[in-house]
Amino acid sequence: MLEVTKETNLLDMRGVCRSFPKGSGEELLVLEKVDLTIHSGEIVGLLGRSGSGKSTLLRIIAGLIAPSSGDAKCRGEAIVGPPNGVSMVFQSFALFPWLTVLQNVELGLEALGVESAERRTRALAAIDLIGLDGFESAFPKELSGGMRQRVGFARALVVHPDLLLMDEPFSALDVLTAETLRTDLIDLWIEGRLPIKSVLMVTHNIEEAVLMCDRILVFSSNPGRVAAEIKIDLPHPRNRLDPAFRQLVDNIYARMTQRPARTPAAEGIQGIGVGMILPHVSSNVLSGLIETLAAPPYNGHADLPILASHLQLEADEIFHLGESLQLLRFAQLSEGDLMLTEAGKRFANLETDARKRLFADHLMLYVPVMGLIRRVLDERPSHTAPAARFRNELEDYMSEEYADETLKTVVSWARYAELFAYDEQSETFSLENPH
Amino acid sequence: MTLDDILTPRLGQALRPNIWDAVALVLVIGAMVLIVYGGEQTTLPLSTLDTSPVSLDPANLPVYALRTTMRMLLAIVCSIIFTLLYATLAAKSRRAEMVLIPLLDILQSVPILGFLTFTVVFFLNLFPGQVLGAELACVFAIFTSQAWNMAFSMYQSIRNVPKDLDEASQSFHLSGWQRFWRLDVPFAMPGLIWNTMMSMSGGWFFVVASEAITVGNTTITLPGIGSYVALGIQKQNLPAIGYAILTMLLVIIAYDQLLFRPVVAWADKFRFEQTASGTAPTSWMLDLFRRTRALRALTYPFAALNRAFSNLHLAIPQILKAPLRSGPPSRAVDAIWLALIVAGTGYAGWKAYRYMSATLALSDVLIAVNYGLITLLRVIVLISLATLIWVPVGVWIGLRPKLAERIQPLAQFLAAFPANLAFPVFVAVIVRFGLNSNIWLSPLMILGTQWYILFNVIAGASAFPTDLREAAGSFHLKGWRWWIKVILPGIFPYYITGAITASGGSWNASIVAEVASWGDTHLTANGLGAYIALATEAGDFPRVVLGITVMCVLVTLFNRLLWRPLYAFGERRLRLG
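Protein chains in written order, with my numbering: chain D, 1 to 435; chain V, 1 to 577.
Since no wrong hints were added, every one of them can be taken at face value.
For each label pair, taking beta carbons as the anchor points, the in silico distance ranges come out as:
#	chain 1	residue 1	chain 2	residue 2	range
1	V	Arg159	D	Glu142	26 to 36 Å
2	D	Gly273	V	Lys478	47 to 57 Å
3	D	Glu427	V	Trp482	28 to 38 Å
4	V	Leu385	D	Glu427	29 to 39 Å
5	D	Ile272	V	Arg159	33 to 43 Å
6	D	Arg240	V	Lys478	57 to 67 Å
7	V	Ala568	D	Glu142	34 to 44 Å
8	V	Met98	D	Glu291	54 to 64 Å
9	V	Lys163	D	Ser137	26 to 36 Å
10	D	Gly273	V	Leu385	54 to 64 Å
From chain V, some residues computed to sit far from chain D (all C-beta separations above 12 Å):
#	residue
11	Asn60
12	Leu338
13	Ala404
If you are wondering where the hints come from, they were derived from the structure by calculation, not from laboratory data. Even glycine gets a Cβ: it sits at the ideal position worked out from N, Cα and C.
Using the sequences and the hints, build the whole thing.
Listed below in structure tokens is the structure:
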């Protein structure tokens with residue numbers, strides 16, 4: 001297989017950029033100068049945090065959105081609209097609930113105008129291959145999540161695509177189901193029974209990427225860039241407990257918690273000053289995490305992969321939490337480790353009211369938007385201010401969704417710290433805390 | 001598993017008919033005969049209406065009921081076709097949307113019976129001397145009562161098609177045509193069917209009202225239940241009115257059981273949910289057809305045809321295909337488009353002004369507005385009264401599941417029943433006791449629409465979470481406090497939905513409710529409805545236009561300033577779960 005496509009790569013992306021309009025009308029760059037080549041016979045993983053633009057890149061390849069600039073070519077032809085020979089598996093399965101399993105699988109063939117007898121044969125073959133025998137006449141809502149995603153795979157495979165795109169295909173499944181599906185898929189792949197040449201998968205699960213891929217592109221966030229390319233030479237089937245496997249996972253964790261050299265904020269949190277994008281993390285979860293970190297066995301110092309598996313969190317979630325703690329100077333992230341600061345250790349030992357005061361102090365010191373809102377409220381004679389005033393200011397720096405999320409975070413943190421109050425109905429901030 | 005394994009058992013058995021086939025066959029043939037018979041009647045010359053006038057003989061009622069039902073069916077087919085075209089255009093083209101959606105919003109608040117004035121004249125001129133013209137005018141009136149909310153629901157569904165399904169259908173190269181039948185229509189189906197049912201409920205009212213109508217010198221009496229009742233009123237024949245009401249009851253029950261139940265049960269598979277939940281709706285009619293063998297086999301060719309139809313490869317010219325775009329749409333084209341809309345609107349406004357100002361003065365406008373405010377007052381008072389009565393009753397019923405199960409269909413049925421059939425009974429009483437028509441005609445406006453409040457409140461109270469009720473009980477919340485803090489907020493979104501429908505229906509009903517007669521006695525209540533009705537009878541078109549415009553403005557303002565904020569509040573703050 002490898003020789004056939006030596007000259008023309010399956011996929012060729014050169015300097016692909018993509019931006020979306022921000023709330024303020026300017027453009028927000030989400031993908032910056034991405035180069036990507038995919039050859040025949042490999043599984044490539046795009047690994048990155050949410051918001052690193054990896055899903056956007058996948059959709060550019062799928063022909064669902066156009067790049068703002070740069071070259072995107074599939075089998076030597078520029079991508080305008082969904083290219084032939086590329087099919088996609090969705091995170092949410094994207095099955096048509098009113099079609100049976102068989103009809104769902106046949107859908108792609110119908111669109112290609114395949115005549116009905118052949119359609120039926122091929123669909124049944126795909127269903128058979130993916131282990132859905134006996135479920136042909138079931139409706140998706142009658143199936144479990146794992147079975148549904150199998151339908152998603154059968155539907156994508158039945159058109160015999162050269163390139164199979166997978167958008168976090170296992171992240172909506174529970175741990176066990178996901179693992180079974182992953183190994184089934186890898187088994188079929190190494191046995192050469194999948195009617196495809198290559199796979200490109202998007203994931204934020206580090207272990208999943210190391211388990212399945214021959215090559216991993218690690219994306220950095222804001223804007224999304226390829227930060228590193230890692231080749232995985234471990235033979236299949238791979239063992240998660242293999243020291244070499246663990247070493248790779250640890251390395252990638254470290255790489256993803258590295259302080260990016262270019263952004264001055266350096267907190268891992270995107271944006272600077274008032275324009276920081278604050279992920280919505282509940283203050284409850286933050287204090288819970290601080291307590292966990294302070295207690296044995298961690299005693300103030302945890303290895304991220306271990307902490308993530310202990311708390312049953314995805315890498316992405318543990319990053320969010322760690323970064324929020326780091327922003328508030330309660331903990332420090334570095335090289336895949338999370339360490340409590342002195343303030344963090346103090347926080348762990350305080351009573352509720354004292355915790356709130358410490359939290360409030362840190363909010364005022366280290367989260368500029370908090371200081372801004374408090375200042376405005378103090379200065380105004382009425383001690384109230386509409387949320388729109390701050391939302392507009394945030395939207396100068398970020399998209400509307402991020403501005404919404406940031407405001408939500410501000411409100412919940414401020415409520416916990418009793419810094420200021422927020423009335424949801426009139427959408428105003430005020431200093432009147434009901435006591 | 002091979003192809004044969006799947007197909008053989010089904011086809012082998014399918015050809016042997018069973019007992020259910022016989023039953024179903026009779027039903028199908030019967031329906032066909034009725035449709036053909038009804039259809040023949042409409043192509044007769046208009047003079048037959050005079051030579052074979054409507055008679056009060058109850059033996060004629062089945063035929064009249066058939067004619068009325070046929071009009072309904074035709075109108076609903078037109079409404080569905082209109083919905084598919086209009087909603088799709090509005091949802092797919094941003095520039096068309098700018099015009100079509102506000103237009104739909106206004107059309108929803110135009111009083112339907114006011115339309116009749118123009119459409120009767122228009123259709124009679126279109127088919128001079130044929131019954132067909134009058135029939136079409138009637139069908140058109142029903143159509144205008146049904147189409148708007150259906151189109152609106154479809155538009156909203158298409159706009160809300162889940163992003164992943166949208167991407168999947170693109171990524172699997174479905175053509176626009178395939179996508180429409182495989183994704184847009186199925187996704188819109190539950191909402192569309194619900195709205196079609198609501199439209200049908202409303203439609204009975206208008207079919208009855210528009211069968212016997214006088215516009216200036218033209219009087220049309222189409223054979224049907226509506227004209228039967230009109231004649232009964234003229235002849236002061238109370239038993240005849242009773243027969244008509246009974247017939248209508250049977251027709252609506254049959255319509256519900258034979259047509260809508262099966263459709264709702266069938267359409268259950270289109271409900272967009274990823275997990276099976278709740279109890280699926282059932283229909284004995286659908287079960288009957290599903291049990292038949294030969295008849296089901298007969299439907300296979302249709303299924304195949306349907307599939308072929310939705311898979312048609314309609315080549316769309318390359319120019320019309322929207323290319324992938326990364327930038328915002330062109331501002332210049334938008335500006336030109338806006339200018340065109342403004343110019344068109346300006347021209348239409350100028351024309352309307354010229355037409356009306358030729359005969360009407362400012363004082364006429366003031367009179368109409370004045371009447372409008374009186375009718376507004378009536379609507380407010382009546383909705384308040386209905387609320388005071390039906391909210392407690394609805395809550396009481398809704399919290400008792402067994403009872404709710406039995407009352408709910410009844411309330412829905414009462415909402416569908418054309419209340420104008422029952423008007424004469426009330427009018428006879430008012431005449432007999434010499435009551436003040438300004439007050440006592442008013443309740444007629446809400447006679448048919450109050451049930452919307454009842455059944456929505458029942459639905460809300462039934463859906464109220466048990467754990468919240470138990471929590472309220474364990475904290476000893478009782479009396480006023482329980483009503484204010486627990487149940488009223490819980491049913492609020494449902495109540496608002498019902499009240500919006502009831503208020504809209506009452507405005508429409510005012511045109512037939514504020515003017516009533518019994519034999520030679522004519523009763524009139526002061527109000528905008530009476531204003532429009534009297535102007536229609538006199539063939540005074542400028543006043544009809546004025547009356548409709550005023551009503552339209554009032555209804556729109558009423559909706560925007562009161563109902564919509566309340567609805568938004570309910571959805572945002574009080575929607576449970």
